[in-house]
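Model the placement of chain B on the given structure of chain A, informed by the hints.
Each chain is listed here by its residues.
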Amino acid sequence: GNSVTQMEGPVTLSEEAFLTINCTYTATGYPSLFWYVQYPGEGLQLLLKATKADDKGSNKGFEATYRKETTSFHLEKGSVQVSDSAVYFCALSEEWASGTYKYIFGTGTRLKVLA
Amino acid sequence: EAQVTQNPRYLITVTGKKLTVTCSQNMNHEYMSWYRQDPGLGLRQIYYSMNVEVTDKGDVPEGYKVSRKEKRNFPLILESPSPNQTSLYFCASSLQPGRYEQYFGPGTRLTVT
Numbered sequence: 002g003n004s005v006t007q008m009e010g011p012v013t014l015s016e017e018a019f020l021t022i023n024c025t026y027t028a029t030g031y032p033s034l035f036w037y038v039q040y041p042g043e044g045l046q047l048l049l050k051a052t053k054a055d056d057k058g059s060n061k062g063f064e065a066t067y068r069k070e071t072t073s074f075h076l077e078k079g080s081v082q083v084s085d086s087a088v089y090f091c092a093l094s095e096e097w098a099s100g101t102y103k104y105i106f107g108t109g110t111r112l113k114v115l116a
Numbered sequence: 140e141a142q143v144t145q146n147p148r149y150l151i152t153v154t155g156k157k158l159t160v161t162c163s164q165n166m167n168h169e170y171m172s173w174y175r176q177d178p179g180l181g182l183r184q185i186y187y188s189m190n191v192e193v194t195d196k197g198d199v200p201e202g203y204k205v206s207r208k209e210k211r212n213f214p215l216i217l218e219s220p221s222p223n224q225t226s227l228y229f230c231a232s233s234l235q236p237g238r239y240e241q242y243f244g245p246g247t248r249l250t251v252t
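Keeping their order, the protein sequence lines are chains A and B. In terms of this note's numbering, the first sequence is residues 2 to 116. In terms of this note's numbering, the second sequence is residues 140 to 252.
Straight-line Cα separation of at most 30 angstroms, BS3-like style, residue types lysine-lysine; simulated pairs: (1) A/K78 - A/K61; (2) A/K53 - B/K196; (3) A/K113 - A/K61; (4) B/K196 - B/K210; (5) B/K156 - B/K208; (6) A/K69 - B/K196.
Residues of chain A clear of chain B, computed beta-carbon distances all greater than 12 angstroms: (7) T13; (8) L20; (9) T21; (10) N23; (11) T25; (12) T29; (13) S73; (14) H75; (15) S84; (16) L112; (17) V114.
Note that these hints are calculated values from the structure, not bench results. Keep in mind that this is a model prediction, so the values were computed, not measured. We treat Cβ as the ideally placed atom computed from N, Cα and C, and that holds for glycine.
The shape of chain A in the complex, shown without the other chains:
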C-alpha cells in the first residue's frame, strides 16, 4: 500500500545550522505532498505543500521540492532557530477510490534546536 517514510529523530542542531529532514513516499498515482509541524501541546498546522512534480513549497524559510523521479519531498531550512523546535510530519494525499481521498502521514521527526 501507499506509505510515507521519514528519517527517525530526534534531530538536534545548534542555532543557525542547516536542516534537512528526509521524506520518501510510495504511491500509485499522483499525490499531493505536505509538511505539517506540531508544537508542544498543539495540533498540527500546515508548513508547506506541493501538488505536482517539480513544485517547490516554501514557508517561514523552510523549503521542499516534489521529486517524482526519486519519490521524495525533503524538508530544508538554511538556518534554524530555537523556535523551530517541534515535531515535523511528512504526509501525502491521494485519490483512493472513485472520488474519495485518504491521507497518509509519516511517523514524525522531532527537531530540537539548541541556543
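Coordinates of chain B only, in the frame set by chain A:
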C-alpha cells in the same frame, strides 16, 4: 476565528463505557477526518467524510464509529472502549480533500483503564 474545536480535551474512562468525542468546524469545509497519534506510529486515519453523504473507513477503523449528520460536526464514537484505544486523537477538516490544507483541532487525550 476559523477553527476546529474538539471536546473534551482530556478524558479518562474505563473499559466498555461508551463515549463520544465531538468535533466541530466553522469554515464550511466539506472534508472532515479523525486521526489517532501514537508514539512511533505517527498519525493514522480512523475515518473520513467527503461530505455529509459520504463517509468511509481509514486505515484503523476498528472499534470506532462516526456520523456526519450536518456539515460542521463529525463526532467520533467509541461504543466499547478498550485500553488499546488509549491515544491522542485529532479531528481535521479541509475545504476539499486532495491538494487542500487540513486544519487540525487541538487534540483529545484519551486514557482507557
